[in-house]
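A.B. asks: Taken in order, these protein sequences are the chains called A and B. 1 is the number of the first residue of the first sequence in my numbering; add one for each residue after it. 1001 is the number of the first residue of the second sequence in my numbering; add one for each residue after it.
Honestly, I wouldn't trust all of these hints.
What the hints assert, rightly or not - Have a look at the derived ranges for each label pair, beta carbon to beta carbon: (1) B:1135 to A:98: 16 to 26 Å; (2) B:1264 to A:221: 38 to 48 Å; (3) B:1244 to A:80: 21 to 31 Å; (4) A:75 to B:1327: 52 to 62 Å; (5) B:1159 to A:32: 47 to 57 Å.
Claimed, not checked - From the structure, some residues in chain A lie toward chain B, with a derived Cβ separation under 8 Å: (6) 90; (7) 93; (8) 118; (9) 121.
Claimed, not checked - Simulated crosslink set (BS3-like; lysine-lysine; CA at most 27 Å straight-line): (10) A:102 to B:1150; (11) A:124 to A:142; (12) B:1247 to A:142; (13) B:1112 to B:1074; (14) A:142 to B:1251; (15) A:124 to B:1247; (16) A:102 to B:1089; (17) B:1104 to B:1089; (18) B:1150 to B:1074; (19) B:1089 to B:1112; (20) A:124 to B:1104.
In short, the hints are calculated from the structure, not lab data. Glycine is no exception: its CB is placed at the ideal position from the N, C-alpha and C atoms.
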Amino acid sequence: MTVTTQTSPSVVPPGGEEPFLVVDDLTVRFPTEDGLITAVSELSYSVGLGETLGIVGESGSGKSVSSMAVLGLHDARTAQITGSIRVGGTEVIGLGESRMRKLRGNQVSMIFQDALAALHPFYKVGGQLAEAYLVHHPSASKRDARRKAVEMLDRVGIPQPDRRVDDFPHQFSGGMRQRAMIAMGLINDPSLLIADEPTTALDVTVQAQILDLLQDLQREFNSAVIIITHDLGVIAEMADDVLVMYAGRAVEYGPAREILTHPEMPYTWGLLSSVPDVTSDTSARLIPIPGNPPSLLSMPSGCSFHPRCAHRDKVPGDLCTTTVPDLAPGGRGPGHLKRCHLANPDEVYEAEVLPEIAPDVAAGDPGTDVAARPDEES
Amino acid sequence: MFAYLVKRLLSGVVVVFLVSLSIFLLFWFGPSSPAQPICDRDTSNRCTPERLANFEENLGYNNPWYTEYGTFVKGVFVGREIQFGSTKKFDCPAPCLGYSYRTKTPVFEEMKERMPATFSVALGGAALYLVLGIPIGVAAARRRGTVADKALVSSFLVLSSVPYYLFALLTWLFLTVQWEIPLFAETGYFSFTENPAKWFSGLLLAWIALGIFGCTQYTRYARGSMVEALSEDYIRTAKAKGLAQSKVVYKHGLRAALVPVVTIFGIDFGTLLAGTIFTERIFDIDGIGFWSLQAVNGRDLPVVSATALFSAIVLIFSNLIVDLIYSVLDPRVRLS
């Protein structure tokens, strides 16, 4: 059994309230025809109101599965969920369906990746927004709901909202659909908004608009936001905290700035190396992580990243192949957790990884910000 | 929309014309003279070559085919006179589809008489298989992968792989003949206006046979369509909104799942309306299907071409109606 009690990076002040969302030791398993798979394993994190957590990882790393568990969207008959998820102090795991429904779309809402697929093709956009409002405001009239829908469409920047409210999703452009999706997610003033790859299906220019919109709305609503992405640029732009997931486990967790500048886990190094840099020389090569994520059906022994890890030789003995490392603080203080056996990750990073991904930075001042974009605020 | 309708109707007219011409030519150039059956019947099977020649002359088979086809088409629009034997002429008002060679009555009148029977069979059977098939399919889709679902799917697959005529025949043999269930004792068509109870009990077994057999297919369609709909992203969105399960399944899932089912149904229903030959034959219902079977057996050219025309028209209309409904059900579809 690994140690699962961790200090959250967004540390709870002594005597203060618990963060709005606390996920503690969450494990999600699904039976499949080929056997039981563990999609999420012993995952813990927390997000407070007004904060943004970025969850990063490759496809199949469990980032979406863990967030769907927060909304109780997994099929209760098959999914085996253990651990604890507390939303505003309410335990969600094992919560009855009718109480869960009151939470969904109301206190916690989710916006999905591909808005064209996620909106019903046969209902008008306004109708779908109004439906989300009405289900949690049973006393409201249809006209109230429609007015609310128009108001939300206006809020997310859709021109002529009183006319577009009667359009079908296919009559919207991709960016407008995602805006409508966000409007639907925010129509009941949720305290927690989970955005599952909200910009993946969009053009880059539209991506930036959507991210700005999300940030503005978060400031306005003071909600907790989880943004699920595989794009470290989005993380740098949006997140206060970062959780890096690999094969269903958290492998690195801490404040975004800290993780992006001083990553301590080889997988995170790999993610950083794979990000193209607009300002760099065109001859500079991207360095992909070799191999593929493991199948959840046949997980590698020990550290699940070891088959792809270039640094496992630096760990004495066969620790990497036999023992799952704990998610524990490394050399950078208690707020930065990593799941790796390397004894001196910071030295390895500066000596071997940094020169490859950012030669200019490595040659100059090793302390400067590597991954943060020039336009990054915060 | 209007232009679309006109376009579809025009293309329908062309299809109807081609169907009627093909049937006409098939008989015209067929191996035996179209006048042979009427000659046999009128002479009590002592049809001599001279008599046959006389019939052929009177029926116009000595003219070129296009003249005769022209006469036929003209008759449809303005009516005509028909002469079988030597002197007697029959008046055939428009729309004249000719006189039956077997019964010597106007084909159109006979067809009108038989339509209520076929429509009754089709409506009842289709209503039954939709009412059974769609809810069973939806229920199975919601329980996908469970033992109940698997048992249902496999047993319906077995049932639907039995040929329909065998299934209908066995239904009749057991329920009516073997077990003599009183409700099914007298199958057949009785006028609804004269005796609704008899109309109902006469058709009931036919409806059950059609309904059960059709429901095995509609269960499969509805289940497949529903399984697909329920795995769509918008269903996850609907759940994430906090909607009740029933709303997620029916308002969001079924609404989407019904579209392909409606399409198949439109075509199936058209086929039913065009005459259910096996059903009508087995349950002794004198409708369009039974009539066309008799006509083919008796080489009754006017009736055969009339039933073929009727099927063509019904199928063209049901396709058109399906397309119109489709554009209402799916806002993404634009007719053009």
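A.B. asks: With reference to the structure, classify each hint as holding or not holding.
C.D. replies: Evaluation of the provided hints:
no., hint, in the structure
1, B:1135 to A:98: 16 to 26 Å, "holds, 24 Å"
2, B:1264 to A:221: 38 to 48 Å, "holds, 47 Å"
3, B:1244 to A:80: 21 to 31 Å, "holds, 25 Å"
4, A:75 to B:1327: 52 to 62 Å, "violated, 35 Å"
5, B:1159 to A:32: 47 to 57 Å, "violated, 31 Å"
6, 90, "violated, 14 Å"
7, 93, "violated, 17 Å"
8, 118, "holds, 4 Å"
9, 121, "holds, 6 Å"
10, A:102 to B:1150, "violated, 34 Å"
11, A:124 to A:142, "holds, 14 Å"
12, B:1247 to A:142, "holds, 17 Å"
13, B:1112 to B:1074, "holds, 20 Å"
14, A:142 to B:1251, "holds, 17 Å"
15, A:124 to B:1247, "holds, 16 Å"
16, A:102 to B:1089, "violated, 81 Å"
17, B:1104 to B:1089, "holds, 11 Å"
18, B:1150 to B:1074, "violated, 58 Å"
19, B:1089 to B:1112, "holds, 23 Å"
20, A:124 to B:1104, "violated, 59 Å"
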